[in-house]
Amino acid sequence: MFRYGYYMVLRKWIAHIILWTLIVMWTYTGVGKLVAYQNFRGAILNQPFPNAIGAYVSIIVPLLEVLLAILLINLKTRVLGFMGSIAMMSAFTTYVGLVWVEAFERVPCGCAGILESVGWEVHFYINLSLLLLAMIGLLIANEK
Numbered sequence: 004m005f006r007y008g009y010y011m012v013l014r015k016w017i018a019h020i021i022l023w024t025l026i027v028m029w030t031y032t033g034v035g036k037l038v039a040y041q042n043f044r045g046a047i048l049n050q051p052f053p054n055a056i057g058a059y060v061s062i063i064v065p066l067l068e069v070l071l072a073i074l075l076i077n078l079k080t081r082v083l084g085f086m087g088s089i090a091m092m093s094a095f096t097t098y099v100g101l102v103w104v105e106a107f108e109r110v111p112c113g114c115a116g117i118l119e120s121v122g123w124e125v126h127f128y129i130n131l132s133l134l135l136l137a138m139i140g141l142l143i144a145n146e147k
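Each residue of the sequence shown is one higher than the last, beginning at 4 in my numbering.
Careful: at least some of the hints might be erroneous.
Said to hold, decoys possible - Distance windows between CB atoms, simulated: (1) G8 to P51: 51 to 61 Å; (2) P51 to L13: 42 to 52 Å; (3) A58 to T80: 27 to 37 Å; (4) G122 to G45: 20 to 30 Å; (5) I129 to L37: 16 to 26 Å; (6) M86 to V27: 11 to 21 Å; (7) V12 to L101: 33 to 43 Å; (8) A39 to K15: 33 to 43 Å; (9) L37 to V125: 20 to 30 Å; (10) V34 to N54: 22 to 32 Å; (11) Y10 to I56: 44 to 54 Å; (12) N42 to V121: 14 to 24 Å; (13) Y31 to M86: 14 to 24 Å; (14) I76 to G100: 28 to 38 Å.
Don't read these hints as lab results, they were simulated from the structure.
Every residue, glycine too, gets a C-beta built ideally from N, C-alpha and C.
Between the sequences and the hints, there should be enough to build the whole structure, so can you do that?
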């Protein structure tokens, strides 16, 4: 009986750490992009896809990041927030991986705030770690 109780407490702590890591990350990145919107927009328009797409991406990405933080905060929408986090981190991780292996003709900007200074390999592994955390968070959220 004690072991089951210990497992439940540990599971709850892990769930909270994952949850708040994602909430802080999405809030920081989304709000940061909105506050420095012109810089972010310029960085997005420097990406290796058409500027017509970049114009929409520069608006949608920060709004989605803030929305994901809100979805994760609310217990009723938390699973949706984890699923959205998995989708966004999958896209970001794939993109960073492609930049890391030099799949593009030129290296675009980092567009990731504090991660711009760590290099593409480290950025990839950080994104991959956040993706795995979102997956674990979804599994724990669905255990109930």
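Violations among the numbered hints, reported as their numbers in ascending order: Failing hints: none at all.
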